[in-house]
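Listed in order, the protein sequences are those of chains Z and C. The first sequence begins at 1 in this note's numbering and counts up by one. The second sequence begins at 295 in this note's numbering and counts up by one.
Hints in this document: simulated from the structure, not taken from any laboratory. As the structure is a computational prediction, the values presented were derived from the model and not from experiment. For each residue, glycine too, the CB sits at the ideal point set by N, CA and C. You can trust all of the hints, since none of them are fake.
Chain Z is faced by these chain C residues, among others (derived, beta-carbon under 10 Å): (1) Val-439; (2) Leu-510; (3) Pro-536; (4) Val-539; (5) Gln-543.
Derived pair list, reagent style DSSO-like, types lysine-lysine, alpha-carbon separation capped at 30 Å: (6) Z:Lys-247 x C:Lys-514; (7) Z:Lys-184 x Z:Lys-250; (8) Z:Lys-276 x Z:Lys-184; (9) Z:Lys-172 x Z:Lys-250; (10) C:Lys-544 x Z:Lys-250; (11) Z:Lys-225 x C:Lys-444.
Computed spacing ranges between beta-carbons, pair by pair: (12) Z:Arg-287 x C:Arg-483: 40 to 48 Å; (13) C:Ser-486 x Z:Pro-214: 19 to 27 Å; (14) Z:Gly-182 x C:Ser-314: 30 to 38 Å; (15) Z:Val-135 x C:Ala-346: 47 to 55 Å; (16) Z:Gly-292 x C:Arg-453: 53 to 61 Å; (17) Z:Gly-195 x C:Met-295: 44 to 52 Å; (18) C:Leu-313 x Z:Asp-25: 31 to 39 Å; (19) C:Glu-363 x Z:Ala-289: 47 to 55 Å; (20) Z:Pro-115 x C:Pro-497: 37 to 45 Å.
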Amino acid sequence: MSVLVLMEQGDPSLQMLTLARRFGDPLHSVDMNTITPFAPDCLAGLLSAVADEVNASAVFAAGTERGNEVMARLAARMGLPMAANCVAATPGNPALVTRQRWGGSLLEEARLHSPRPLITVAPHTVPIEKGPDPVDVDIEAVKSKLDQALLAVKVSEHVMPSHRGVSLAEAKVIVSGGRGVGSKEGFAIIEELAGLLGAAVGCSRAVTSAGWRPHTDQVGQTGTKVAPEVYIACGISGATQHMAGLKGAKRILAINSDPQAPMMQNADYTVVGDLKEIVPAISAEIRRARAGRI
Amino acid sequence: MRVLATIKRVPITGGRIVLSDDSRAIDTRHLGFTMSPHEECGVEEAVRIIEANKGDSVVLTLGPPEAVEQLRDAMALGIDRAIHLQTDGQEWDAEASANAITDAIRVDEAANGSFDLMFFGNESADSGGFQVGIRVAYALGRPCVTGLKKVTLESASVRCEQEVEGGRDVYVVPLPAVLTVKEGLNLPRYPSVPGKMRARSKPVAVSTPPRPAPRLELVKLAVPAGQGRRAEPLGSGTAAAPAVVDMLQKAGLL
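Make the full structure from the sequences, and use the hints.
Rendered as structure tokens:
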């Protein structure tokens with residue numbers, strides 16, 4: 001039984017292959033960049049035709065934004081159920097899957113009743129394993145037969161990011177503020193410390209909802225997922241919504257007046273007290289340490 | 295102009311998720327509820343579009359009787375009326391939800407004309423299926439653009455911006471269209487007191503579609519093991535500053 005996989009650049013697709021190999025062999029692959037500019041209905045149409053041609057027993061993609069999007073369009077087109085962001089999967093009808101809910105704060109075991117399971121694999125949850133490489137499908141013949149109407153939704157332009165500075169997703173250090181910062185102006189001390197560390201400024205959802213910071217600064221399930229060396233959480237309570245964005249952080253330092261706050265329980269280092277005094281004191285200490293070195 | 299926004303009632307989970315005794319749901323006895331964050335931005339966008347262009351705005355949900363609270367919240371922000379597909383509280387999978395929503399849209403459109411725009415959340419906060427809006431769009435044969443952070447109405451089309459690595463991708467699709475949106479699309483307003491008063495008397499059309507057997511069938515839920523972080527106290531108050539700097543130095547960051 002063959003399996004069809006939708007491949008993208010990067011580790012999430014290689015992790016996906018680990019689960020896909022359990023559903024059969026050979027693996028036939030279609031590349032996300034085969035349709036350029038990106039046209040998701042067209043890709044779904046292509047996958048649908050190829051799945052029939054190679055008689056695929058299952059279709060897999062990485063649970064990236066685009067992977068989930070194209071798989072959902074394939075599911076809609078084929079009239080089949082789909083399991084998004086799985087961390088484990090066993091073939092069969094029903095196939096058994098374990099998938100992420102709440103941005104990974106909860107796991108769901110489910111039965112996927114389908115003659116052809118459509119599965120995306122949550123990034124960074126499954127190890128990359130050695131195994132037979134997928135074989136590219138010759139799609140030129142299929143491509144030429146696709147309905148041109150499938151190109152109605154396509155990328156027509158790319159806009160470069162407007163803000164410069166350290167990007168949250170790639171920052172090595174993030175200084176992040178929550179409701180405890182108290183106001184828009186309260187972020188001055190967060191920005192000062194971030195400036196000294198060459199860090200990005202982050203915040204919790206409470207802060208963006210209050211309009212103190214733009215949504216582009218928000219870390220969490222509905223914001224940016226981050227993976228810094230150090231994440232400094234100042235006055236952030238640590239709701240699951242926020243923690244869902246922190247799974248990739250190497251070290252977390254929590255500064256909070258409430259030692260019982262969930263953030264303090266889920267950190268590597270804690271400082272108890274008023275962030276309005278502690279954050280400037282850390283900035284001053286960094287300046288002192290640097291001056292001493294010279 | 296006619297605009298639809300769909301929403302889902304979800305619990306406010308706070309700091310730690312506790313499951314029900316049978317591990318098939320979250321224990322919500324002590325929790326408040328809200329609409330999924332992405333969808334709140336869909337509601338706000340629908341209100342803004344109707345404020346600017348006049349017309350009819352509708353909010354739709356599939357959920358238990360209590361989900362009328364979230365429908366009223368949406369109407370307090372300015373939506374004109376609501377459609378409530380009432381369930382008995384059992385969860386519906388994404389496929390069945392999309393089918394029931396599609397049927398309800400067809401009924402409303404037969405009576406009132408086509409929706410120019412339909413807003414869905416890119417994914418719900420709880421079950422995170424990433425598919426309901428797309429399935430509805432396919433069933434109705436309309437173009438669908440997903441994951442949007444900016445929507446600009448042009449004369450007979452809509453310009454859509456999707457955040458991707460290294461900037462934004464732009465799509466322009468003709469109306470009528472289905473758009474799935476993300477938090478950050480806009481900053482939803484707070485409901486005003488008069489808005490809440492008006493919402494109480496706005497119409498809610500209730501129906502109870504039958505629940506088909508789910509093809510993605512929930513067996514049980516589990517809270518994943520923690521990441522094994524063991525909080526090491528670095529002290530309290532400003533006296534902790536040297537220990538913090540020491541930690542940063544050891545991490546090679548100074």
